[in-house]
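Enquirer: Chains A and B supply the protein sequences, listed in that same order.
Just so we're aligned: the first sequence equals residues 10 to 469 in this note's numbering.
Just so we're aligned: the second sequence equals residues 186 to 296 in this note's numbering.
Keep in mind that the hints were calculated from the coordinates and are not lab data.
We put the CB at the ideal spot given by N, CA and C, even for glycine.
Treat the hints with care, as some may be off.
Said to hold, decoys possible - Not everything, but these chain A residues come out facing chain B in the computed CB check (under 10 Å):
#1 Glu265
#2 Gly370
#3 Val374
#4 Phe429
Stated by the list, open to error - Covered stretches of chain B (in silico footprint by chain A; criterion: 3 or more residues with CB under 8 Å from a CB of chain A, positions within the stretch not fixed):
#5 212–220
#6 259–267
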Amino acid sequence: MDSEPVKSVRVLSPSGMLGAGWDHATIERGIALGADVISIDAGSTDSGPYYLGSATPKTTAKAVARDLRSLLTAASSAGIPVIVGSCGTSGTDSGVDWVAGIAAEVMAEEGLDLKVARIYSEQDAAGLKEHLDAGRIHPLPPLGPLRAETLESCTHIVGAMGHEPIVAALRAGAQVVLAGRATDTAVAAAYPLMKGMPAGPTWHAAKIVECGGQCTSNPRAGGVLATIDADGFTIEPLDPAVSCTPISVAAHMLYESANPFEMREPDGTLDVRDARYTAVDDRIVRVEGSRFHVADQYTIKLEGARITGYETMSFTAIRDPLILADIDAWADLMRMMIKQRVGQTLGLAHDEYAFDLRLYGHNAVLDDLEPETGPPREVGVMLLVNAPDQATATAIAKVANPLMLHLPTPAMDYLPSLAFASSPAEVERGAAYEFVLNHVVDCADPTSLFRIEMGLNADV
Amino acid sequence: MSETTLADLAHEVRSKNAGPFWVTMELFLRDADGYRIAADESFLNERVIAELYRVEESTVQMFRIPSLNVVKISFPRPIGQGSLRDRDMHAGQHHVPLARMPIRQSAGRDR
Chain A
10 MDSEPVKSVR
20 VLSPSGMLGA
30 GWDHATIERG
40 IALGADVISI
50 DAGSTDSGPY
60 YLGSATPKTT
70 AKAVARDLRS
80 LLTAASSAGI
90 PVIVGSCGTS
100 GTDSGVDWVA
110 GIAAEVMAEE
120 GLDLKVARIY
130 SEQDAAGLKE
140 HLDAGRIHPL
150 PPLGPLRAET
160 LESCTHIVGA
170 MGHEPIVAAL
180 RAGAQVVLAG
190 RATDTAVAAA
200 YPLMKGMPAG
210 PTWHAAKIVE
220 CGGQCTSNPR
230 AGGVLATIDA
240 DGFTIEPLDP
250 AVSCTPISVA
260 AHMLYESANP
270 FEMREPDGTL
280 DVRDARYTAV
290 DDRIVRVEGS
300 RFHVADQYTI
310 KLEGARITGY
320 ETMSFTAIRD
330 PLILADIDAW
340 ADLMRMMIKQ
350 RVGQTLGLAH
360 DEYAFDLRLY
370 GHNAVLDDLE
380 PETGPPREVG
390 VMLLVNAPDQ
400 ATATAIAKVA
410 NPLMLHLPTP
420 AMDYLPSLAF
430 ASSPAEVERG
440 AAYEFVLNHV
450 VDCADPTSLF
460 RIEMGLNADV
Chain B
186 MSETTLADLA
196 HEVRSKNAGP
206 FWVTMELFLR
216 DADGYRIAAD
226 ESFLNERVIA
236 ELYRVEESTV
246 QMFRIPSLNV
256 VKISFPRPIG
266 QGSLRDRDMH
276 AGQHHVPLAR
286 MPIRQSAGRD
296 R
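Please build the complete structure, drawing on both the sequences and the hints.
Expert: See the structure below:
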């Protein structure tokens, strides 16, 4: 499908996330405007390490099915490919299979016969250890050099693919590409790059469309269409009532990236320092001057998460102004009493468990950075316990239960009763995770860490 | 009497994760006058941000973008995303200390 040269490529980005939902009319409008491909991201690290650590999707299956139905029926009629990146939120192998299973159901129900490719991006620690031993794994700030034990401690590790494995799947005839972890931009960049569009405008357009309508005047109204050509790209919202402005487009380059001028991809760096944003009309923006510097070394970024322990949460609330007037002293007493009671009853030393006491309504969100000092009107008290196993975490929370119900301030000579939010007061949260990898692997071949399988069903 | 803050000069002040290990913030100033105040290095600089957020000054990155009237600030997340002590999973509320900063009335004026 990539034999004939083209002058431009139109990428339809329905939304920032598969499962977020959109008005199907916006997809039809994008097709009517001449979309050549539909690209959508299905994942992110943004919602925390749980989704990678446990290989669990953040989205619900019905929402993914609803969105896939919208895309697959429209793309099938138009004869254009659909590319989904970071399937199942974290892009683990089971996330790809989960989306593939939903796609199979939708295609069966709609009578569609589309050629599907699955691209797996999960990495095993043993394979990565060889790269580590060979000096091919390097840290990205703020992390330091990787240790083999860190790789082994991860429950799941993924590599973020560039556009190359997606292009390989398209060249193999895939009409639907379900990719594991991919850079947010590779999903939208793959098809235009395959069609020979220049790297600078393509990667820049891919960054601008990766969150769908976020770069428009009304991010809730649906996605955008980017038209990439030899000199730059234009971008317009799918909803005719919504606008892109030079500011709304340029501002999106700032979103969720530490550096607003540069963005590293596996094969090089997008540089938008000299990009010029101009209004074509009152809702379409033209961008020129984006550059791409090919790197000396091709690198794949790794993401990995491991279990930190098991958590149990308890939540009570305070409305009595007498306690609220002295809330910091109350919280200090609570922390001291929990440690004392846990030591007395469970025989645990301070370093055998951890807890965080959060005063919602007072300073829970900003903690030490909270600038306000006045007494709060009411406070929700969250006790979050982390211990090596669930039973211990819950035991600690239960030892704290009478304190969460009755602890007075140091100055009170009676026991108040506080407002538990639920019965039981304790909620077991299961395993808790943390991200531990922010490292890149030097790769000679852009596809070597990824596995492409044609068809809808996993072989195993 | 309430002081004029950076929030008063901006139409949006926001913060967000930039990956699991960084936080990034943007001040979208309303106009060039507001931008001049916020972009004045003698008023808002890496040292001031380091004190405000209790992070290492050498890790703070600042970007001043006059064409957008934007000042952008990034630094490593002091608390790991999703860890026991992370109270702001998306780092979406950490712009508040920045937004509340009182502006110096002389900042940004021609001197």
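Enquirer: Each hint: holds or not?
Expert: Against the structure, the hints:
no.: 1; hint: Glu265; in the structure: holds (5 Å)
no.: 2; hint: Gly370; in the structure: violated (13 Å)
no.: 3; hint: Val374; in the structure: holds (5 Å)
no.: 4; hint: Phe429; in the structure: violated (21 Å)
no.: 5; hint: 212–220; in the structure: violated (count 1)
no.: 6; hint: 259–267; in the structure: holds (count 5)
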